[in-house]
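Going down the list, the protein sequences come from chains A and B.
Per our numbering, residue 1 is the first one in the first sequence, and the count goes up by one each step.
Per our numbering, residue 1 is the first one in the second sequence, and the count goes up by one each step.
Hints in this document: simulated from the structure, not taken from any laboratory.
Glycine residues also receive a C-beta, built at the ideal position from the N, C-alpha and C atoms.
Warning: the hint list may mix true and false statements.
[Said to hold, decoys possible] Examples of chain A residues toward chain B, derived with CB under 7 Å: (1) N27; (2) L35; (3) L49; (4) A51; (5) I54; (6) A57; (7) L77; (8) G99; (9) T106.
[What the hints assert, rightly or not] Distance windows between CB atoms, simulated: (10) A:L94 with B:N57: 34 to 40 Å; (11) A:T163 with B:N96: 18 to 24 Å; (12) B:K87 with A:M156: 23 to 29 Å; (13) B:I95 with A:F72: 19 to 25 Å; (14) A:R113 with B:I95: 37 to 43 Å; (15) A:V104 with B:P3: 42 to 48 Å; (16) B:R85 with A:A65: 19 to 25 Å; (17) A:G134 with B:K87: 41 to 47 Å; (18) A:V121 with B:R85: 53 to 59 Å; (19) B:K87 with A:I20: 28 to 34 Å; (20) B:V65 with A:I7: 20 to 26 Å.
The lines below spell out each chain.
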Amino acid sequence: MLIDWIIFFGLAVVAIASGIGLLLSKNAIYAALNLIANFTAVAIFYLILAAPFIALAQIAVYAGAIMVLFLFVIMLLGAERLGGTSTLRWQRPLAIVLGLILIVETVLVFINRSGAIAPIVEVTADFGSPAAIGESLFSTYLLPFEVISVLLLAAMIGAIVLTRRRDQKA
Amino acid sequence: MVPIQYYTALSAILFTIGALGVLTRRNAIIVFMSVELMLNSANLVFVAFARSFQSINGQVFVFFVMAVAAAEVAVGLALIVAIFRSKHNINIDQINNLRG
Chain A
1 MLIDWIIFFG
11 LAVVAIASGI
21 GLLLSKNAIY
31 AALNLIANFT
41 AVAIFYLILA
51 APFIALAQIA
61 VYAGAIMVLF
71 LFVIMLLGAE
81 RLGGTSTLRW
91 QRPLAIVLGL
101 ILIVETVLVF
111 INRSGAIAPI
121 VEVTADFGSP
131 AAIGESLFST
141 YLLPFEVISV
151 LLLAAMIGAI
161 VLTRRRDQKA
Chain B
1 MVPIQYYTAL
11 SAILFTIGAL
21 GVLTRRNAII
31 VFMSVELMLN
41 SANLVFVAFA
51 RSFQSINGQV
61 FVFFVMAVAA
71 AEVAVGLALI
81 VAIFRSKHNI
91 NIDQINNLRG
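The shape of chain A in the complex, shown without the other chains:
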């Protein structure tokens, strides 16, 4: 289907362009906004790949909560233009060369192994629905789910402890 390819390459251009925008933008606020555009494009990929629950969690958790936290901290610190003076000299071209090697190797691996990848077949309508994910989450993955709740609690306490001022006695 031609329309599938048009949607895929349109979204891929948006995702890669916003990623490069994150990489190159001098202002941290613009970098954060580029990253939100990237997350939204990837969320639409999730919808195409029959994962509606994950797509909406991506919008709510990543583009919503996490990026709002980032923007809040950037504005709280006034850190829009901090860290601009670079002390890197020879490291930058080396990083670009290593990045290109990483891309070429990954693409080569997937081209050579394309026989091992199952062909695309149609999935049932409830594949990736919240009900299907929830069923898996509360049966097969019950223990990891509980561990995640402890992890989130630990992160919450850790954030509170780290940002507490030293002079205040607890």
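Go by the hints and put chain B onto chain A.
Frame of chain A; chain B shown alone:
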């Protein structure tokens, strides 16, 4: 339907952009956002292969990755705020001693 190889190639490109961000940027917040970009590209591969193999497990794993990323961002940004309070800078080249 676009073959899965194209999604993995896109994910590799996004991962490399994130890795380049970590390697070349000096602002700690932008380095952190690049790490999020890398996590996100890994999630894209998980969902693509979940679709390809008709298995819901990949999507459940993405859910876990999102929860871990949320916890990581909360602690990481708290660390950045604490470092900024003591050094008034978040250039990661300046953060080179363990003593606060």
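Consistency of the hints with the structure:
Annotation: A:N27 was flagged as interfacial toward chain B, and the flag is violated, the nearest CB pair being 10 Å apart, outside 7 Å. Interface restraint check: A:L35 against chain B, minimum CB-CB distance 5 Å, threshold 7 Å, status holds. The interface hint given for A:L49 holds, since its Cβ lies 4 Å from the closest Cβ of chain B, which is under the 7 Å cut-off. Here the hint on A:A51 is kept, as its CB sits about 5 Å from the closest CB of chain B, short of 7 Å.
Against a cut-off of 7 Å between C-beta atoms, the interface hint on A:I54 holds, since the closest Cβ of chain B lies about 5 Å away. At a threshold of 7 Å, the smallest CB-CB gap from A:A57 to chain B is about 6 Å, leaving the interface hint in force. Hint on A:L77 holds. Least Cβ distance to chain B is approximately 5 Å, under the 7 Å limit. With its C-beta approaching chain B no nearer than about 5 Å, A:G99 sits inside the 7 Å limit, and its interface hint holds.
Satisfaction of the interface hint for A:T106 is found here, the shortest Cβ-Cβ separation to chain B being roughly 4 Å, below the 7 Å cut-off. At about 38 Å, the beta-carbon gap between A:L94 and B:N57 stays in the expected band of 34 to 40 Å. Range check, A:T163 to B:N96: about 22 Å between beta-carbon atoms, so the 18 to 24 Å window is met. The hinted range of 23 to 29 Å is satisfied by B:K87 and A:M156, whose Cβ atoms lie roughly 25 Å apart.
In this structure the hint that B:I95 and A:F72 lie 19 to 25 Å apart at CB holds, the actual value being about 21 Å. The beta-carbon spacing between A:R113 and B:I95, approximately 41 Å, falls within the hinted interval of 37 to 43 Å. A:V104 and B:P3 have their C-beta atoms about 19 Å apart, which leaves the hinted 42 to 48 Å range violated. At about 24 Å, the beta-carbon gap between B:R85 and A:A65 stays in the expected band of 19 to 25 Å.
Taken as a hint, the range 41 to 47 Å holds for the pair A:G134 and B:K87, whose Cβ atoms sit roughly 45 Å apart. Our hint of 53 to 59 Å for A:V121 and B:R85 holds, since their Cβ atoms are close to 55 Å apart. Restraint check, B:K87 to A:I20: a C-beta distance of roughly 30 Å satisfies the suggested window 28 to 34 Å. Distance hint for B:V65 and A:I7: a CB-CB separation of about 25 Å, consistent with the stated range 20 to 26 Å.
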